[in-house]
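> Given next are the chains, with one letter for each unit.
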Amino acid sequence: MTRTKAAPAGVDRGLGLAMLERMLKIRAFEDNANELYRSAKMPGLTHLYSGEEAVAVGVCSALRQDDTITSTHRGHGHCIAKGADVARMFCELLGKEEGYCRGKGGSMHIADHANGNLGANAIVGGSAGIATGSGFSAKALGTDRVSVCFFGEGALGQGLLYEVMNMAALWKLPVIYVCENNLYNEYTSYEEVTAGTIPGRAEAFGIPAADVDGQDAVAVYEATSRAVERARAGGGPSFLVCATYRYHGHHVGDIDRAYYRAKDEEQRWREERDPIVLLAARLDAGEELKRLQAEVEAEVAAAVAYALDAPYPDPSEVTEDVFA
Amino acid sequence: MTRTKAAPAGVDRGLGLAMLERMLKIRAFEDNANELYRSAKMPGLTHLYSGEEAVAVGVCSALRQDDTITSTHRGHGHCIAKGADVARMFCELLGKEEGYCRGKGGSMHIADHANGNLGANAIVGGSAGIATGSGFSAKALGTDRVSVCFFGEGALGQGLLYEVMNMAALWKLPVIYVCENNLYNEYTSYEEVTAGTIPGRAEAFGIPAADVDGQDAVAVYEATSRAVERARAGGGPSFLVCATYRYHGHHVGDIDRAYYRAKDEEQRWREERDPIVLLAARLDAGEELKRLQAEVEAEVAAAVAYALDAPYPDPSEVTEDVFA
Amino acid sequence: MSSPSAVATRELTLSQAVNEALAEELRRDPTVFVLGEDVAEAGTPFKVLAGLVEEFGPARVVDTPISEPGITGVALGAAMTGMRPVVDIMFGDFLTLIMDQVANQAAKTHYMSGGSLKAPLTVRTTLGATRRSAAQHSQSLHAWVAHVPGLKVCVPSTPYDAKGLLKSAIRDDNPVVVFEDKMMYQTRGPVPEDEYVVPIGVADVKRAGEDVTVIATSSMVYVALEAAEALEAEGVSVEVVDPRTLAPLDTETLIASARKTGRVIVVDEGHQSYGASAELAAVVAEGAFWHLDAPVRRLGAMDVPIPFSPVLEDETVPTPERVVATALSLVGKKG
Amino acid sequence: MSSPSAVATRELTLSQAVNEALAEELRRDPTVFVLGEDVAEAGTPFKVLAGLVEEFGPARVVDTPISEPGITGVALGAAMTGMRPVVDIMFGDFLTLIMDQVANQAAKTHYMSGGSLKAPLTVRTTLGATRRSAAQHSQSLHAWVAHVPGLKVCVPSTPYDAKGLLKSAIRDDNPVVVFEDKMMYQTRGPVPEDEYVVPIGVADVKRAGEDVTVIATSSMVYVALEAAEALEAEGVSVEVVDPRTLAPLDTETLIASARKTGRVIVVDEGHQSYGASAELAAVVAEGAFWHLDAPVRRLGAMDVPIPFSPVLEDETVPTPERVVATALSLVGKKG
Ligand SMILES: Cc1ncc(C[n+]2csc(CCOP(=O)(O)OP(=O)(O)O)c2C)c(N)n1
Ligand SMILES: Cc1ncc(C[n+]2csc(CCOP(=O)(O)OP(=O)(O)O)c2C)c(N)n1
Ligand SMILES: [Mg+2]
Ligand SMILES: [Mg+2]
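Residue numbers (the numbering used here), protein chains in the order written: chain F, 1 to 324; chain L, 1001 to 1324; chain W, 2001 to 2335; chain A, 3001 to 3335.
Each hint should be verified, as a subset may be incorrect.
[Unchecked claim] Dumping the calculated BS3-like pairs for lysine-lysine here, alpha-carbon to alpha-carbon at most 25 Å:
| no. | chain 1 | residue 1 | chain 2 | residue 2 |
| --- | --- | --- | --- | --- |
| 1 | W | K2047 | W | K2118 |
| 2 | A | K3260 | A | K3333 |
| 3 | F | K263 | W | K2047 |
| 4 | A | K3260 | L | K1263 |
[Claimed, not checked] If you want the footprint, here are the derived chain A segments under chain F, 3+ residues with CB under 8 Å:
| no. | stretch |
| --- | --- |
| 5 | 3070-3084 |
| 6 | 3102-3114 |
Honestly, the hints are just simulated from the structure, not real lab data. These numbers were taken from a predicted model, which means no experiment stands behind them. For glycine and all other residues, C-beta sits at the position ideal for the given N, C-alpha and C.
Input sequences plus hints: build the corresponding full structure.
Structure below.
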């Protein structure tokens, strides 16, 4: 995805449609992942990104290929937004040889080195250090690449985040901390476990923080572009709080969830705040939407079929790649 | 030490003199500890509190005996301020049987359960959880005791602190976080390693923070009293940043330190900002100062003599108290 | 086998047994409380704590932020000041985050204070692979805590042991780490109607035998028992010894069995190198040296991060087939 | 003994040898940098890094906040994106704080990514007691990291090995944890004038002998050598084997020595239970089973938190006297 300078009124139409395509692809990917789980074709559990597409796509659309991201347990969206191939992703979800991690990582550990994705992480907040270190090397090696750290608001509970934000601020590292606030830490409302304010957590370290509408891909893109510009210019880290919502359960198995999240809250977000609908409306993309949707669905369906047919790794691979 | 309601103009004279006595005792204790090191009578190293006396004494003078504190590697001051017996402390510093920890803890681990001192800690920031947990139990058990967490500004680097401040704020725990900012993390200026602001670190969690002159025992006492009142009334945690200075090196062996700390900076603090001199002046305590000084020096000298003569534990004690 | 036959029992899952232990201790002692992520309404992702918040309320079954070090520290402080917290660490892999609070703080509190302070803290967590959860949610890190003086470590295998040991842990005046194999929560077994505890530090012979001793921990007991069945068909009589707790370790029972059979296999789901299996093997190799007819053999998890793909993950764990093959080679029946 | 006599050497302290290794690697490779608390002007509390910031500047010898987890995480991220960081963790006791970054992140990065990512990260830290530093500054926690697949672990005993292994560690494409005994920094030994490296995974026979093998790690090598001297006077010939690295472990050299002498003592300063000594003992007890004339004996640190008082602390560590007594009992000379 090429970078385009954001106009205050929005983004140019080409970029807007490209973002729409990515978001549709994420949605289609997740629907298929869910279906693979439900039909018992996927081992284990997975955490779906549906509903949050505007965050990953808005952010990654403002990045270059050599910029790095670190991702989370809910990482498919970041991965696709940064340019990954969905067939290789499905292969990974199914534990197949051709997966991004040769089947060793699974959904929670997809990494796509070529596109700068340093990996999803199954430890909440666990990649905050890695992302900050990528910013460190960007600066130390004299490049102008930037590093994005995606994390859910649950990661605000992990002390590591504060340790590394302090260093990023001190050393003016080109790091963008992107907090995806989808309102829930698993089965607990974030308000029950989050004191004070979220932006304040960054501002305490002298890091500028912005509240962003995470359902508005253009707003996310613009906020990220500003942070990227600042980072490339040596201005140091930024922090974005993107208000968003996950449509599905915490993971694919989290079906009966009314005890922690009301059905009509879910419905309201889906009906009123869907990021794909909002972007399509903004671009007035009726026809293109249908075309893109059809294209993307075909691509994703083919990827699923490919992955289902793909071979498993040979069991002997189990002892490979322990050491480089 | 009894509690006295702080008048805006200061504290009553009885309390003022009691604070002065404690501060003198800490100073005398540290001078003797230093001497024990220099004369090779004390095993290992120790971190002296001289110069910072107003913080420990100002804080602890606002506490009841059943209120708890947690302390640091630089803990003698907290220990004495909370009411410990200096002979048993010296015994501990020398590894003797009658020490507070039967010789097992040494300088960095003195605990004085009877006076509510839950222990010094050799892990920077390591007691932040313990202090917060003591606040948790105070509330859960329906008492109105409060918990004080002493830590150096270096502990702002430890993520644990942010994790527990979040919980203290959420659950309105009666915890007072006392940051002793003596400007140095070992051999590094705190400014080189501390981004943003110190009070902001607490305010981000909705915890009120106050900057306090840590050389002014009365100011510390008053700020603490306000925090204690709030905590006992169920108002939740507070955070105090006490600006202070250590007179000696990071530990007793840190003699040649001009490379990180200018001699005349040290001299200025000693000459212009000595907490004992400042309090004595405020109380106009010329005569009493001399008397208290003499008394305290005699007590401390006797304690040193006692400790030097005291027996070591029997080697067989090494396997005792691993389990309760 | 200590699961008694004389008393009235019911079949419970291990999950239910743990839930009962917590409920009973919460009822018995008002200073007991549970602290952890999603422990209240959700009853944890494994649903092990279902119903507790309804009976005991949110002040005693406390949902926390995702702050494992902080939670453990808060629990420790509460433990030092009159309470008996039970910390829920969702996955044993997150022990990585709490080692300072556990090993540098809780484990040493009593000793460093010369006996004046106590830390009656229980940490419940999980171990075990094959859930297709990949490298950061599948580890069995019990060897780390077993290596720390001042900690007690339980690795129960049955609902009976899980309940009885957890009750002992909560009542213990020391920090205790209890590991439950996440794949065992639906495993059923008899649990007495009446109250009981299982003492910490006493091994249990889960099956008596003469030819080979299999020392197995946690869910590996079932692997050993399955192997023992198969071996019986081959004419090899296997004794399965379950240490139940790693620290303290009931070396006497282990060594006695080893002396009796002269052949020992240790099966443990931690990585084999520098794992619990090394200590267990070293203890019997030394203690039963003059009685051993063959080297003590170890079967731990393969020394690789646990891979996601089922075809790979299944390679990493000890299986009944491997125990059988090892036992047969020890008795000289096959290679 | 691999410290070569044919090449030109100087006597250096272990501290100087480490300093040289860092300086050489910093000079050789611009992607190498050092990160830690008080590493720059202070050169660490042990002064091991003295002078480096003067030569390489504060951008490559970086003073950090007191944030062990954060530092390690930052280093890992830099390692994954083209650099070769050397993290300084002042005391090995603080490994408690970085286990998530080390064990869940760095160790698994390469494997979990199917080989696409690398983490060429070196962590330097300390072990060892008797410095009168009490329970939180005296631990030897190398067994924890040795238990984690994907990590390499070095425990050098001599200036020669310390320098050569550290250089190998920095050049290695994997995360390596290097332990230096803080009591050994002033220990002197010959170090070649010319550049060299010591390969990771190769044990070294520090003294050849016939009757008893003492496998000793880090500073315990000196305890073993001192015991060997004393035993020679008693007519007992001791072979001292230094594994030098725990992971990978050179099992061949260890087992060969055990087979030759038939009697083995393992000396390691980690706590004995579930310590490195358990793995070393288990490996030789299995590998040399048919050649052993006596049980493999272990001497680790006592299973107590390290106490402050010298009269107590000195009880906790293996001593030459205890090695001598153990060796004599093994050869049947006394109880
Ligand atoms: C350190 C750690 N603690 C707990 C967990 C279990 N866990 C997985 S996801 C999750 C909730 C994360 O919430 P958030 O960060 O808001 O991300 P979201 O799932 O909402 O995208 C928890 C508690 C974990 N993986 N890592
Ligand atoms: C977790 C941890 N990291 C490093 C150290 C080594 N250390 C001991 S004291 C100290 C500096 C502490 O500075 P500060 O908190 O400001 O306290 P001060 O010594 O100034 O009173 C350091 C780095 C430690 N004890 N614990
Ligand atoms: Mg969330
Ligand atoms: Mg300081």
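> Going straight from one Cα to the other, do A:K3260 and A:K3333 come out at no more than 25 Å?
Between A:K3260 and A:K3333 the Cα gap is close to 19 Å, so the pair holds against 25 Å.
> Within the assertion that chain F covers the stretch 3102-3114 of chain A, do at least three residues meet a Cβ-to-Cβ distance smaller than 8 Å?
Holds, because 8 residues of the stretch 3102-3114 of chain A bring their Cβ atoms closer than 8 Å to Cβ atoms of chain F.
> Is it true that the CA of F:K263 sits at most 25 Å from the CA of W:K2047?
Cα-Cα ~21 Å, so holds.
> With the threshold set at 25 Å, check whether the alpha-carbon distance from A:K3260 to L:K1263 stays at or below it.
Outside the cut-off at roughly 63 Å; violated.
> Is the listed coverage of the stretch 3070-3084 of chain A by chain F valid when you require three or more residues with a beta carbon under 8 Å from a beta carbon of that chain?
holds (count 14)
> Would the hint linking W:K2047 and W:K2118 be met if the CA-CA limit is 25 Å?
Distance of about 31 Å is beyond 25 Å: violated.
Hint check: violations occur at hints 1, 4; the rest are consistent with the structure.
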